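Starting from the two chains in their separate frames, assemble the complex, guided by the hints.
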Amino acid sequence: MPDLNRLYEAILNGDAKASAAVTREALDAGTQPMDLVNGYMVPAMDEVGKRFECEEYFVPELLLSGRAMKASMELLRPLLAQQGVESAGKVVIGTVKGDLHDIGKNLVACMLEGGGFEVIDLGADVAPDVFVATVRAKNAKLVALSALLTVTMNSMKTTIQAFHNAGMREQVKVMVGGAPVTQQFADEIGADGFCENASAAVALARRLAAA
Amino acid sequence: MPDIAILDGAWGTELQARGLAAGECPDEWNLSHPDEVTAVAAAYAAAGSQIILTNTFRSNRIALAGHNGRAAEFNAAGVAHSLRGANGRAKVFASVGPCGKVLAAGEVTEDEVREAFEEQVSALAAAGAQGIVIETMSEIAEAVIAVGAARKTGLPVVASMAFDSGRKKDRTMTGATPEQAAVQLTDAGADIIGANCGCGIELYIGICARLHTATAKPIWIKANAGLPELTNSGTRYHMGAQEFAGHAKALREAGASYVGGCCGTNPEFIRALCAALKG
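Line order of the protein sequences matches chains A and B.
Remember, my numbering sits 89 above the position in the first sequence when you count from 1.
Remember, my numbering sits 514 above the position in the second sequence when you count from 1.
Next up, chain B with everything else stripped away, as it sits in the complex (with noise of 0.2 Å):
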């Protein structure tokens, strides 16, 4: 069995928990709340992340539209954020999060989207990410634009897709199978392939089996915490950090090499993945 690197967690819903109100831009907390971000980051390294990522997921020029021309800014910052916060414990590779408009539509151009990633993977690289991580991506098209500029940087590209639509939850929400994905993210050069978010840990574990068996690359699995529950105040994941973590063992023979969580998952999550995959 190959040796397995423990990832983080949630970040927006950390940040929530530290004063972030609903609806409100994550990333911008980079520039007015720096201290609870590195706090985060910090959270995870101390829970035993080998890797955590930084909260810059929406800082492309397109998805901050509200934000104009402060995209390179929030980058900074959220690298700086989460190097303080890792303090050595950890490596810390950034987070490239959608562009939120559809190529396939033309709701944006392959040069808007192109432009709108090299200026953020500039920004982390100069930073001192250590790595570059596309994730939650619907669209196979975007995502290879996306990993064509991480590898500018000459810095390791993780590129992971969202599966959560479909009869069987086994698609991206454009309709991308994993075979599909794994082919075209390894043909684009990245070099390690992944699914992130989705329908909860218990789906990615065939959804990782297909990556694993789709392309020769390591696989990267973050998973939500199960399916989320309704309730009067929004919506709960109800699995808890032993029930996720019981499920990481099924990751990693199907193929998983990094593992973390996403939606519903937070640092004692990663204190259970170390326990049980490392232990």
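Chain A extracted, bound-state conformation (with noise of 0.2 Å):
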């Protein structure tokens, strides 16, 4: 049986090889996938989220991190479909319209794979319609909307709009998040969440699923 707390600790230390293998060696030995996720998967993830608010961990390290736990949670993922474990929700994740940057949109991507969720990026710069028709296609519950530039915010609003206008707003949660955003904005257009960072993504989407 090899040494679990090495999982932890890849995960830890943002090692994407170290954490699979570790992850596949315990596969081998007979380890359950959930006491994988729950026993050391979960715990370092909340780990990198407190020393990320304590500022040891900035978003280098989160992303690292993130890619870890992604990289476990791809082999566990069909072991955990099989035993009829169902993901924690399929989140569509997009920068909008006008706005290229992608950087914390991937770093709630992450975080949010490696949470559990099944996630739909559909990258940078993305028409509220094309948001709308993923989530139709895909029967997401939950969307999640980033933004760095305070010029391309309002292009949240239109997509929310546009949900409003395919008569699809009751059916999803939307999140909104990205260096301008408040929550005072994500209020004033109608949006059901926001956080200030990737580390906070995480339990708000799990809040807005169980809504």
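Hint data in this document are derived by calculation from the structure and do not stem from the laboratory.
Just so you know, these numbers come straight off a predicted model, no measurement behind them.
C-beta: ideal position from N, C-alpha, C; glycine also.
For lysine to any residue, the following SDA-like pairs were computed, each having C-alpha atoms within a straight-line distance of at most 20 Å:
hint : chain 1 : residue 1 : chain 2 : residue 2
1    : B       : 615       : A       : 210
2    : B       : 682       : A       : 269
3    : B       : 683       : A       : 285
4    : B       : 682       : A       : 142
5    : B       : 683       : A       : 142
6    : B       : 683       : A       : 289
7    : A       : 106       : B       : 623
Facing chain A, according to a computed beta carbon distance under 8 Å, are these residues of chain B, among others:
hint : residue
8    : 537
9    : 614
10   : 616
11   : 618
12   : 619
13   : 680
14   : 681
15   : 685
16   : 687
17   : 688
18   : 689
Right, dumping it as structure tokens:
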């Protein structure tokens, strides 16, 4: 039996190769996927979040840890599906129309995947109707919108309006984030949730998915 | 007290005032709207800027992903417009912004970043830029690569980071401190070390002092007009030109040798800076 603390360490240190390798060893040795998730992976990401909050970790560390988590999750997801364990939910994510910045969006996508969500990443400069069409096609319940520029923040409003126009506003929860976005702005445009950073995005998505 | 040079203010909002649509690539205007771009340069030179920048912030091939192969054209035109607008009244230092990807997370390789910046700075230098300003950087490693590329042009090189993260807003997005930035950018060979954008001019006074303590190089500060305020139509910066210029004296005392503005500033702010610092 491999030392499973190595999985915790690998994710905390953002080492995707090591996290995948330990995950494989553990599965070969008969460890249950959910035991890995709950015993090592989620606690590691919780610690990553804590280190981010107390400024030991910054964006690069979050990206790397999120990726290490994802590398393990990719190995576990088929097994979890076989066991009837569903993903935490489907999230359609993208940077809104007119905005090409994707660092923050990638980070949130990575953290959500690490948090057990099935993430459909539409990239940057995504038109409102593309969000709507994807949510419809994938039957997603969550939409995450990102913007870095103050001048593109209003595309968040038009995207939410597009869901209204399509008669789909009631079936999705919309979360928004990005450097210029605030709770006040989120409230003004009728978003369902806002959070300050990627590390808080997972908890917000879980709350919205459960609502 | 050392002499102080006045820089320019924001470009994006000035171009928007001349019709650039929200979300449209400002650098593309170098080809499609040469007169408007030149007018921004001229407005800053007329306001008293001794150094003006260029509308080339995004003109590296990584950030310009949607405009493949046009980086060199955008850069050359951007320098030409600023030189024409300055008309001998101000020097033209060319703006080089970040590539938009995180090196530390492996989103791009060092070689890709180096090639992109080498292509950009050689186009800027060939077009007659009198200096290179590497600005709004978050990752020291990226800025160091850009400084290395810019030094090959033989032009003066400014390396300026954006400090907007962490509880005290004194870190870059990737966690770099002013001290780390000043030391590593000095070692990389930058001639001037700076901070721009960020969280308002008030907070940049402390950042300026820390940069100044950490390096013997002159300090360059282009701060935002306070913290943005939200309105129904988006964000706006509440701080007026006079209040902004009032803080500029504290910047000089904190060691700044080059002072201008970033988001929320315009030629009126530059006139106020001239009056406060030169008058």
